[in-house]
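With these hints in hand, go ahead and build the complete structure from the sequences.
Heads up: the protein sequence lines correspond to chains A and B, in order. Numbering-wise (the working numbering), the first sequence opens with residue 20 and increments by one. Numbering-wise (the working numbering), the second sequence opens with residue 20 and increments by one.
Be aware that a few hints might be false.
As the list claims (entries may be wrong) - Below 35 angstroms or equal to it, Euclidean Cα-Cα: the simulated DSBU-like pairs (lysine-lysine) are:
#, chain 1, residue 1, chain 2, residue 2
1, A, Lys141, A, Lys344
2, A, Lys461, B, Lys603
3, A, Lys612, B, Lys603
4, A, Lys603, B, Lys461
5, B, Lys171, B, Lys461
Said to hold, decoys possible - Derived CB-CB ranges, DEER-like:
#, chain 1, residue 1, chain 2, residue 2, range
6, B, Arg354, A, Glu605, 32 to 42 angstroms
7, B, His346, A, Glu605, 15 to 25 angstroms
8, A, Arg438, B, Ser460, 57 to 67 angstroms
9, B, Pro621, A, Arg383, 37 to 47 angstroms
10, B, Leu421, A, Pro621, 36 to 46 angstroms
11, B, Gln336, A, Pro621, 30 to 40 angstroms
12, B, Ala258, A, Glu606, 48 to 58 angstroms
13, A, Asn314, B, Glu316, 37 to 47 angstroms
As the list claims (entries may be wrong) - Covered stretches of chain B, going by a simulated chain A footprint (3 or more residues, C-beta under 8 angstroms):
#, region
14, 229–237
15, 576–589
Hints are computed from structural coordinates only; laboratory data are not their basis. Every residue gets a Cβ at the ideal spot worked out from N, C-alpha and C, and that includes glycine.
Number of protein chains: 2
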Amino acid sequence: MLRKLIVLILAALPLLADEGMWMPQQVPRLADDLRKLGIQIDPARLSDLTGDPLGAVISLGGCTASFVSPDGLIVTNHHCAFGSIQHNSTPERDLIAGGFLARTREEELPAAPGTKVWVTTKTEDVTARMTGNIAGKTGDAARARLLDRREKELVAECEKTPGVRCSVSSFFEGSQYVRTTRSELTDVRLVYAPSEMIGDFGGEIDNFEWPRHTGDFAFYRAYAGGKPYKPAHWLKVSAGGVSEGDGVIVAGYPGRTFRYKTADEVRNYQEFVYPTNIRYLTDTMRIMEEAGKNNREVQIRNSARIESFANSLKNSQSVSEGFVKHHILDARREREERMDRVTRIRNPMLEEIAAANAEKFRTRERDLILDWITGRAAPMFIQAYTVARVATERPKPDIDRLAKYQERQWPALKQASVRAQRTMDPGSDRAILRYFVAEASKLPAAQRIQPVDDAVAAAGGIDPLISRLYDSTKIGSQEEREKMLGESAAQLRARGDAMIDFALALLPLLDAREERDLAWTGAMSRLRPRYFELLGHVEGNGRLYPDANSTLRLTFGRVAGYRPKDATWYTPQTSLRGVVEKEKGEEPFASPKALLAAASDPAKTRPYFDPELKDVPVNFLSTCDTTGGNSGSPTLNAKGELVGLLFDGNYESIDADFLFHEADTRSIHVDTQYMLWIMDAVDHANNLLRELGVEPRTR
Amino acid sequence: MLRKLIVLILAALPLLADEGMWMPQQVPRLADDLRKLGIQIDPARLSDLTGDPLGAVISLGGCTASFVSPDGLIVTNHHCAFGSIQHNSTPERDLIAGGFLARTREEELPAAPGTKVWVTTKTEDVTARMTGNIAGKTGDAARARLLDRREKELVAECEKTPGVRCSVSSFFEGSQYVRTTRSELTDVRLVYAPSEMIGDFGGEIDNFEWPRHTGDFAFYRAYAGGKPYKPAHWLKVSAGGVSEGDGVIVAGYPGRTFRYKTADEVRNYQEFVYPTNIRYLTDTMRIMEEAGKNNREVQIRNSARIESFANSLKNSQSVSEGFVKHHILDARREREERMDRVTRIRNPMLEEIAAANAEKFRTRERDLILDWITGRAAPMFIQAYTVARVATERPKPDIDRLAKYQERQWPALKQASVRAQRTMDPGSDRAILRYFVAEASKLPAAQRIQPVDDAVAAAGGIDPLISRLYDSTKIGSQEEREKMLGESAAQLRARGDAMIDFALALLPLLDAREERDLAWTGAMSRLRPRYFELLGHVEGNGRLYPDANSTLRLTFGRVAGYRPKDATWYTPQTSLRGVVEKEKGEEPFASPKALLAAASDPAKTRPYFDPELKDVPVNFLSTCDTTGGNSGSPTLNAKGELVGLLFDGNYESIDADFLFHEADTRSIHVDTQYMLWIMDAVDHANNLLRELGVEPRTR
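Structure below.
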């Protein structure tokens, strides 16, 4: 009843736009909106990167996390810590199924190799150093090359300080460049993770779905010099929960959005990129699934890739539906028409952007196949390509190399080579590479990939070529690959390894494409700031925020349900009884016995009851504007206390990367109260609860 | 917003039990409840079978309908009139896809053969004539035989009046017997049906589901003496719609419920009947689907049976889930414990019921196989069984025959034989009969079917037996079958038709079972009235209503949504925008172009807007207590005006045949406003609208 009342009150309030992934320094100008949301924390505090609370919000690279104790305790999503849980699991000690709790510091386990924590310590506007005196440069390619060099110099200069990683990011479509300095902590340990039956309850079936019932949380601890890291700030856990209508804040590192793509760019995504990727994902998954029929070893080798492809596929399908459902292209056309009305003519700048895009899209079919072959399709060939690229890039001065092959990326490249070993299955690999070579053979005359044509002709057909590549190569051996990564192009050629030769043969074409793309990049760096400036006139400068770019952002919203379809209303909080209702006794809907027992014991559930739900709250929805990279982001209440962890968006929100739609774009959070309940009533993690400053409520 | 407000008001009202399929004469005692529901119509009027409105509520046999004009116009569900729509369809004039509208009386089409309308004209309590002087009868079988004879005599006496059909039904577990007299109208014509794309929108996928968007309505007209029948009463169509919380009334002919089954009977359903039927339905559907692979002719012959089996399967699965979800067996055990508390001992009457059941259940595996073989499995063998039964029953005096083979049922038997022709496919038939013979061969020693064992042994195995049966039989010929229906057992035997011989061989066993069942029936007729009387002490006499038995009943409820799962609330009205949202351009989610065009034209939709939905309402939910047989039932508002037609229950309600559960047992109705909108804006049925007393609102 109370719930109904709150819906009513909410509906009576003026609607607030909850769109926006704001840079911290933009927050003070949102003061009015925040007040309306009931946010009590001073907006000025939210613009201080190194203060409380933003100083506690850290990046795991691809995920967000936060410090939650003065001793470096870190909370993030279960799925963000999954690699470390898996890394420490053995058949004898299955931490995935059984969960893990270190009762003492000594019991903590090393995180997966390569796990790092980055604490943002400084941001500087480097626009002048990036773009100063650049206008006169002859040609767009030269302009792009200069920007690239200046960026590398700015990074190198910054990284002279030991223990930091630096990056230069473009904001507002290249109108502003910011250099971010982050402390890098490399000693990270696994402290606690509930069973996957809690942390991934619902699995692939519930992925992107609401109502949701996932305890998607886990704890790390950062160390420095062998001792717990002492963060300057850490978040305080809220003693209460959330209610429908509450204002909430999410701070995190969203990865990429497309809110400022032009109409012609959106059309290219809608009519080409997404449909083609859906086809490639579907076909490669089918190939891997067939390869794994009756072969558990192959199934295991392909499992992570299949899971990741399935996630991409669901994502791509949702975006494809969203293009239609939310009329995204129409929205862009209208935006550009409004821009035209300001300038009173079809804007030549928009025309120039479209012309540069048209030139790029001319070979889009070919380019997408090349992207798949060199980065996504067949793990063995991707390694062959990396080896070839390293051999040709290493002789260059560091600053002239492609960024990915600079010295600072060397450890990451090596780690990727080691990690790839687990996902290599020669049978699947050759079937997938065969698929893409066949796709390349169907390309129109204007887009032929000459090195592929030559190789197929030389071998006498696609199948003989594939046999030759896989029969002769040693790229599948981790030991050989490590040697190859140290060899010159000449040494590689001397091996007579057909796959390496094929990879080397592709490089001139890829270099030519890189050169052409530089011209496009240069043109965009020239045109898009003007585009953005004009857009500011149209949509109001103060309402514009930059597209996501993996830097720290804030988003503000409300706890709110939505209408998924006719005659259906999703309320914004799930509860423990919903977990029990979904229980099927088999994955992904199998809960640990301890959870089911605790759920049926009022003495264990009552202390965590939400007074309106009359049950332990589990997950909640908010109108916050988030995307991939935000996983693990702390969700704060009006006072800045931790009330949840963002871990997903609803299905309807996936295409919000292109266009935020107030009616049904929702973020999904695990409620801190559920996290505490699991720790207390199910896993008895009293040591950690106390470190969080929370007294266990059950006994 | 208003909708939300109404939810709030509703939640604040005291809950009313909406359970109960009331006999009209029981209604006056519900006056208080009806007042609370806001029903304005006088309860006394609702107890008058032949007055207004009940005089307008008629039976189609398996469906309910109602008169809606003084000229015999009848409204019912599209799925209730489907046989007639199909009967009049040809490839050249496809009324299923295209719909049908008679613009004049002359254009009306004959309904499918056998279509009849029954108007209840009289009910008489015949308890004394049924049970008088019966207590002293020796043995339960003799008792049952006497009841059967008295029932037949009561029917025969009544049917001396021409043009009527009579039946004697048991109420309150045999505490009361009522004879119903119904006028039978046999000249029924099809007047109007929308396209199946409206009338069955959502098809099998949406069957039993909410949110629903089906325009499940059609119109017949009854004729008498070649002229439109003039009913004494007809329903008036409401000018307005319904709103959440409104009290509504459903009048109709519910078929069968199990609300008074005892705990041991429910256990038998839960542990044996439903699981076994689910297996048989699944397996026979699979057999038919495989038989139809790449054979369109076979697909068509099996299609109606597959559809009907699929419906049964969904039903059975839902009930099986419901046994667990709604703890039905526990509810019965608690009820019987309460009864035991009244009598202070374990009631011997309950013990005796359980003992009689135990004797019956002893051969339940065998009996279910026999039921399938003689009534459900293979259409050709079912016809062979009918022919054999007719030959052995016909020599008996009419009153001594099994009721189904009495003279009064003769036309129905013949019609069934004609109809069966369309569903016969020898390949599917033999595969299905083979399946059940194989099932019979797996029966335990105590339940062997001797005639099956003998036949299998004589033929030298199951497959040779099946070949013999199907290679020699002429039962598949409609002409031969008609002859057979006139032959004696000796004549049939002289044919040397192996399938007929097999059917004849089964009869002695079936007769023996019939004899044993008579003993059970007699025992129940003795015990169950006492069971019911005791239950009245426990649950309050005034709150008890009889199980459904295809007689006219009334149920009262509210327009109300429900919670299907955690964090999800179904609101009780769907709207036209939901139809458009479901549109997929392919069945079952393809709407006629005219509907989609009208849906996007405010001039056509606005006049039918529900002020709260701000859209044309389509279907609505109520808490009314209904079941199969109620399809087509008029739904009346507080003033007794027609606001909808019941056409389905939600998935959660299917097991309500055993136990009504207020929280989620819901009936689904098509809103009269949607019916009018389709007639007006899509099909331009202005002639009919005016006959309903409604002026078209669009132009």
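Run the structure past the numbered hints and jot down the numbers of the failing ones, going up.
Of the numbered hints given earlier, those the structure breaks are 1, 3, 5 and 10, listed in rising order.
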